[in-house]
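Here's the letter readout for the chains.
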Amino acid sequence: MRFSEGTHRLHWATVPLRAFIFLIIYFVLLGFPLLLTQTEDGIVLALTPDVLARFLIVTIPMGLIAVGTGLWTWLALRFRVDGDDLVVETGLLRKNKRRIPLSRIQAIDLVRPLVTRVFALAEVRVELAGGERSEIALRYLGRHSAQQLRAELLALAAGLPGQTPEAPERHVWRVSFGTLLASLILRLPVLGTSLLFFASLLFLLMYAEGGILAVTIPVMLGLIRAVIAPLVMYANFTVAMSPDGIRLRYGLLETRMQTLPPGRVQAVSIIEPALWRTLGWARIEVTVAGYAGERQALSSTLLPVAPRHVAMHLVSQVFPGTNIDAVSLIPASSKGVAIDRADGAGTDDVVFVARHGWPCRRTDVIAHARAQSVRLTVNPFQRLLGLATVHVDAPPGPVQVAAADRDLGEARAIVESTARRALAARRSGGGDPTRWAR
Amino acid sequence: MNASHGEPPYEPAANPGQQGAAHPPSPSGQGHGGRPPGQPGQVPAHYPPHQPPSGPPAYQADQAFAPGGGLQWSPISKRHGWHRLLTAILWAIPIGGVGAFIVWGNGGLVPAVMWVAAVGLAVVLAWLLAELDRRTYGYVERADDLIVTHGVFVRRLIVVPYGRMQFVDVTAGLLERWMGIATVRLHTAAAATDATIPSLPTAEAALLRDRLAQKGEERSMGL
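Those protein sequence lines, which keep their order, are chains A and B. Using our numbering, the first residue of the first sequence is number 105, and each one after it goes up by one. Using our numbering, the first residue of the second sequence is number 1224, and each one after it goes up by one.
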């Protein structure tokens, strides 16, 4: 099947799947209470013919409605590739047409929630730059046709014909389960919280005092959020490089396959918590313009944990032609008084690097070609000391690049030189990443 | 790790620099006269500073917020302070009136007078701050970017390249329209940019917007 020709619909199994989900919700909210009868000794589940008839009278029309709406939404959504655009049409009576220029695609994700694995289905999400409503989710396509669509869209976005076979990929790194678990636990806040958890548990057992639950339960929830949730989410994390971008695959219950085309990563942060540094581990977070709002938080991780040299290699793939460790960092002014002490900042022709943080060290990197604006700020404290902070602004995301506590004159020189390098980088073609294969 | 540096998978920088360096300065013949005479972008002042700097190297500390390149900050309208004062008064009348009425009902005349005095003091403070703020505001259109500076407590200097502007909007509220001023706001893909020039005379704001839009279009590019 070729997606670049003709009009297409979602996989037919979407209809029963939607109907099934609708019926489950119906059964929980309305169907099950209908099966219960009120008697003198309370509510009982008695399947008398009377009750069954009552149940069926409501359930059969509901089932028809469920199938009907499933069929309706399946019929209503059509998509095709028209020249350089992906066209998504929705609605049978009121038609709604959306044209998406393929060159605007920031990332394409293949998501497979647990339910859809039974049917071998997958969801294709196309992320675009700008706004909360700037994603297109095609729920659901067959697993193979979803991969096919992804490959074709990426090929077309790269400026190649749609028939181009899927780009070959080169395995880079796989995060083992043990490493992931150890990395999630070996963080000072997590260790501190678990200490508090065990202490409160001990207190609870020794004194049988229920009030301590007010501490235990929130702490436990926090631990689940900080350890279990990322563990399930990032399990089996693999990174691969291919000509159409970085491919990430991860997830235990809901598997995701993300593709970040070249030049879509706006800024990168290499995070090394204190305990990880002794083990030589690092984590990479990225800002991608497509992911707005909560999706940003969901998919900002490029690598949950890896040896530092792997992380550095990946960053050098993201920003080609540079080596972050080779960028000489000029230490910040010794007059600075912040606890979160800036280590320093430096630049080469491709990237601007700022490193700060104690005990958790962050190295923030932004490519000059991606910098949106440069700011110089002086707060009243800094003014007393004759210091300033230089911010290099990226689109909203987890990475904020700022060189704190520079001497005033030096800060202004950094601003000017960064602006100039950004201009040069944009002019040399690094600024327009569309059609990367042409 | 099997990460071999075989072929660079990314788009190679096919012709770095050549075209960029030869890029002609865009024509400035649109008669607005907004283009500054100097071309401050020409002198490569290197950073880090241990490289031999050619040209004017580091800035002096007191020059950190100067426009540089022999340019002058364009100020905003003097009506900025009056506009803020009027806004403050319009807020103060209901707050002062209702508050004074409630305080008078509960506590008598003296607290009510004190309340009114406090509101009046707040208005004066707001006006003073707006006036100080006006003095710190300035913007300069340079060859390739717009720089804006402002801030009383936290001083800011924002450099926005024309090629990065997503859109420029001019807003004027009722009061602003009556006073003949408008606010020009530059939007980039970064939310932190916040390059806002308030209280420009309406005609100047429209001209600035047109110039910025044109320069943005000439140099526009994707994210």
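Think of the hints as simulated: they come from the structure by calculation, not from any bench. Heads up, some of the hints might be wrong.
[To be verified] Stretch by stretch, here's where chain A covers chain B in the computed footprint (C-beta under 8 Å, at least three residues): (1) 1286–1292; (2) 1296–1303; (3) 1310–1316; (4) 1365–1376; (5) 1384–1391.
[Unchecked claim] Listing some non-contacts, in silico: residues in chain B with all C-beta distances to chain A over 10 Å: (6) MET1337; (7) LEU1398; (8) ALA1418; (9) ALA1436; (10) GLN1437.
Ideal Cβ placement from N, Cα and C applies to all residues, glycine included.
Original post:
Per the stated criterion, does the least C-beta distance between B/GLN1437 and chain A lie above 10 Å, as a non-interface residue requires?
Top reply: holds (18 Å)
Original post:
Per the stated criterion, does the least C-beta distance between B/LEU1398 and chain A lie above 10 Å, as a non-interface residue requires?
Top reply: Label holds. Min Cβ-Cβ 29 Å, cutoff 10 Å.
**OP:** Establish whether the coverage given for the region 1310–1316 of chain B by chain A is satisfied; the threshold is a Cβ-Cβ distance below 8 Å, and no fewer than three residues must meet it.
**Re:** Not satisfied, violated; 0 residues make the cut.
Original post:
In terms of beta carbon proximity below 8 Å, does the region 1296–1303 of chain B have 3 or more residues touching chain A?
Top reply: violated (count 0)
Original post:
How does the coverage statement for the region 1286–1292 of chain B fare against chain A, requiring three or more residues with Cβ below 8 Å from a Cβ of that chain?
Top reply: holds (count 4)
**OP:** Tell me if chain A covers the region 1365–1376 of chain B under the three-residue, 8 Å CB rule, please?
**Re:** holds (count 4)
Subject >> Non-interface claim for B/ALA1418 versus chain A (Cβ beyond 10 Å) >> reply: violated (7 Å)
Subject >> chain A versus B/ALA1436 - minimum CB to CB distance exceeding 10 Å, so not interface >> reply: holds (17 Å)
Original post:
For the region 1384–1391 of chain B, do three or more residues have a beta carbon lying closer than 8 Å to a beta carbon of chain A?
Top reply: holds (count 3)
Original post:
Closest CB-CB distance from B/MET1337 to chain A, is it above 10 Å?
Top reply: holds (30 Å)
In terms of the numbered hints stated before, the structure departs from hints 2, 3, 8, listed from lowest to highest.
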